[in-house]
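Colleague: Take these sequences, add in the hints, and give me the full structure.
From first to last, the protein sequence lines are chains F and S.
Numbering follows this note's numbering, in which position 117 of the first sequence is assigned residue number 117; successive positions increment by one, without gaps.
Numbering follows this note's numbering, in which position 165 of the second sequence is assigned residue number 165; successive positions increment by one, without gaps.
Be careful, since some hints might not be right.
Heads up, the list lumps identical chains together, so a pair's fine if it works in one copy or across two of them.
Capping the alpha-carbon separation at 20 Å, the derived lysine to any residue pairs in SDA-like fashion look like this [unchecked claim]:
hint, residue 1, residue 2
1, Lys100, Asn191
2, Lys198, Asn139
3, Lys100, Asn214
4, Lys225, Gly235
5, Lys142, Lys198
6, Lys264, Phe288
7, Lys250, Ile263
8, Lys198, Trp211
9, Lys287, Ile263
10, Lys264, Lys287
It is worth saying that the hints were derived from the structure and are not from the lab.
Protein chains: 2
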Amino acid sequence: MKKIGFIGLGNMGSKMVTHLLKSNYEVVGYDINQEYIDQLSPNGLKKANNLNDVSKGTDIIITMLPNGDIVEEALDNIIDRLKPGTLITDCSTIDVNKAKELHKKCKVKNLFFLDAPVSGGVGGAENGTLTFMVGGDENAYKMMLPLFGVMGQKSLLCGTYGSGQATKACNNMLLATTMIGVGEAFNLGTNLGLDPKKLFEILSTSTGSCWAVNNYCPIAGVGPKSPADKSFEPGFSASLMYKDLSIALKAINDTNTLAPFGIKAQENFRQMVNDKKGDLDFSAITKFNE
Amino acid sequence: MKKIGFIGLGNMGSKMVTHLLKSNYEVVGYDINQEYIDQLSPNGLKKANNLNDVSKGTDIIITMLPNGDIVEEALDNIIDRLKPGTLITDCSTIDVNKAKELHKKCKVKNLFFLDAPVSGGVGGAENGTLTFMVGGDENAYKMMLPLFGVMGQKSLLCGTYGSGQATKACNNMLLATTMIGVGEAFNLGTNLGLDPKKLFEILSTSTGSCWAVNNYCPIAGVGPKSPADKSFEPGFSASLMYKDLSIALKAINDTNTLAPFGIKAQENFRQMVNDKKGDLDFSAITKFNE
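Modeller: Here you go:
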C-alpha cells in the first residue's frame, strides 16, 4: 500500500484524510495549524512537524490548500527531497496556469503531478462523495485512482495538465450563471404574483431545469432542503464562489474568451464579498437583485 | 363530448387539432390561411369559413395564435356570439397583462378564460407531449383537463389568470440565461484546450448541469442529438425565444424587477434576430460569443 503525505488539514483536507485512514492507508499529515494535526492523530494520522517530515519516504503527496501560491510554496519546500517517481496530487482549486507551472516544475525533477480539484464541498468530503476533475498523465491518474475512490465517488481524467482546474472553472462559472438566472426567475415570478412552489414545479421539470433550481433552490421552503432553508448558512460560501470565478475570469482574460455573463457573475460575487456577505452560501446571490 | 372551436392552425395548432380529432372530438377549425384548414379536413376537421362559424354551438374555443393582439382581435369578433359558460383557452404565448385583460373581457360576458401557453415546441405538439402552464379558475381548468390530456402529457394550474403566461416567461428567461451560460462554459473550456466531450461529461453530471447542456447541448457531436447536430435547424427558433424574452422584459419593466441577466439575454436575442439569424435554433446564440 502506498504511503501518503497530506498537506492541508482544514475543512476539506481533514475529512479526506479521515477516509484514507479508515481505509488503512499510512498517512503523515501537516498543516500550519498544529491543532488540525493533533485532532486527527487519534484517528491514526502520523504527525509531521514540518513539510520535510511529509516528504520522507512517501509515495504520494496530496495537497489541499487555499490557493496556488501556497501550493507552490509547499511544493518548493519539499521538491528536492522527494524520491523520483513520487506523485503530487493537488486537490486545491488554483489558477489553470499555475497548475501548468507546477506540473513543469515536477516534471524536471522526474516527479508526477496531477491537478485534481474537487466538487461536492465539505459535505462531499465528509461523506466521501466528492468528484475529482483531474488533469495530467494517464499513468499518474491510474496510480491515484484507488485513492480517489476512497475519498470520493467519481473522478474523471479531463485531459492533460491544467485540465482539472480548467474544467472546474468552466463548471462553476456555469453554476454561478444558472444560480443568478434562477434567482431572477423567482424574483420576476413572485413580482407577477406566482406562488414560488408552483413556479418550482414547472421550472424543475421544464426546459429551465438545472441543478441550481432542482437540487439547491435558493427560496426557503421550496424544493429539497437547501441553504436557503437555514438562512443561507453554507454549503458553498459566496467567498469560495468568488475565488472560483476569479480563476475563471483570469482564464477568460488569458484566452480572450467572450463570456459577458461569467464576467458579470464574478462582479456580482465580488460585490457580495465586499458587502461582507462572503460567509453566506453562494445561493444568497439571488437575494441581491430583489 | 364537448364541441370544440379551434382558431389558428399553423405549426402548433394543426398538430394539436390532429390529436383532438384522433380522440373523436368534434372540432370546427379556422385559420386566415385557407390551405391550413383544407389540409386538416381529411382528418375530420369541420371547416369554418370565418370566425363566426367557429363560435356556433361550441362549448370550448381554443386559440393558438402568434401574439396577444391577434388573439384579442379574434376574441372581439366572436365574444358576443358565444353562449354563456363557453370556455376560451388561449394556448398562444402572449403578454401577461394582455392575458389578464382578455380574462376580464370574458368575465363580463359570463365566459370562462384560461391562459395556457405550452412548452415542448412543434415536436411536443406532434407527439402529444406538450406541457400546459395554466392560469385561471379551477373549474375552467377542470373543464379543460381532458383536452390538455389529449394534446399534451402534463398541465399545471399555476394560479389565477395570467399565471400561465407569467410562468412561461420566467421559465424561458431562465432557459435563455442557462443556454448562454452553457455556451460561455464551452467557449472557455475549448479555449483552455479541453475536449468538449470530456467537459460535457462533467458539466452534465455536476453542479453546472441543466436542461440546456444535458438535453440540448449546443455543441455538434456532444451529448444527445440536438439542433447543433443539424446546423441549428430549429427546434425552437431564436425568433420565438426573442418573442418570449420580450414578454419577460415587459413583465420585468411592469413590475420593476431587477433581472440584468434576463435583460441582457433579450438584447442578445434581439441582436441575433436583427442579424437575420432568427430562423436558427435559439441554441445558436452560443455561437455569437465565439
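Colleague: Hints first: check each against the structure and report whether it holds.
Modeller: Here is how each hint holds up against the structure:
1. For a Cα distance limit of 20 Å, the shortest separation of Lys100 from Asn191 across copies, 15 Å, qualifies, whereas the shortest one inside one copy, 47 Å, does not.
2. For the identical chains of this complex, Lys198 and Asn139 are inter-copy neighbours only, at 18 Å across copies versus 50 Å inside a copy, given an alpha-carbon limit of 20 Å.
3. In this homomeric assembly, Lys100 and Asn214 never come within 20 Å of each other (Cα to Cα): the closest approach is 35 Å inside a single copy and 30 Å across copies.
4. Taking the shortest alpha-carbon separations for Lys225 and Gly235, only the intra-copy value of 11 Å comes in at or below 20 Å, while the best inter-copy value is 35 Å.
5. Taking the shortest Cα distances, Lys142 and Lys198 sit within 20 Å of each other only across copies (17 Å), while inside one copy they are farther apart (47 Å).
6. In this homomeric assembly, Lys264 and Phe288 come within 20 Å of each other (Cα to Cα) both inside a single copy, at 13 Å, and across copies, at 17 Å.
7. Taking the shortest alpha-carbon separations for Lys250 and Ile263, only the intra-copy value of 10 Å comes in at or below 20 Å, while the best inter-copy value is 26 Å.
8. With identical chains, the CA atoms of Lys198 and Trp211 are at most 20 Å apart both within one copy (18 Å) and between copies (19 Å).
9. Taking identical chains as interchangeable, the C-alpha atoms of Lys287 and Ile263 lie at most 20 Å apart whether they share a chain (19 Å) or sit on different chains (17 Å).
10. Taking identical chains as interchangeable, the C-alpha atoms of Lys264 and Lys287 lie at most 20 Å apart whether they share a chain (16 Å) or sit on different chains (19 Å).
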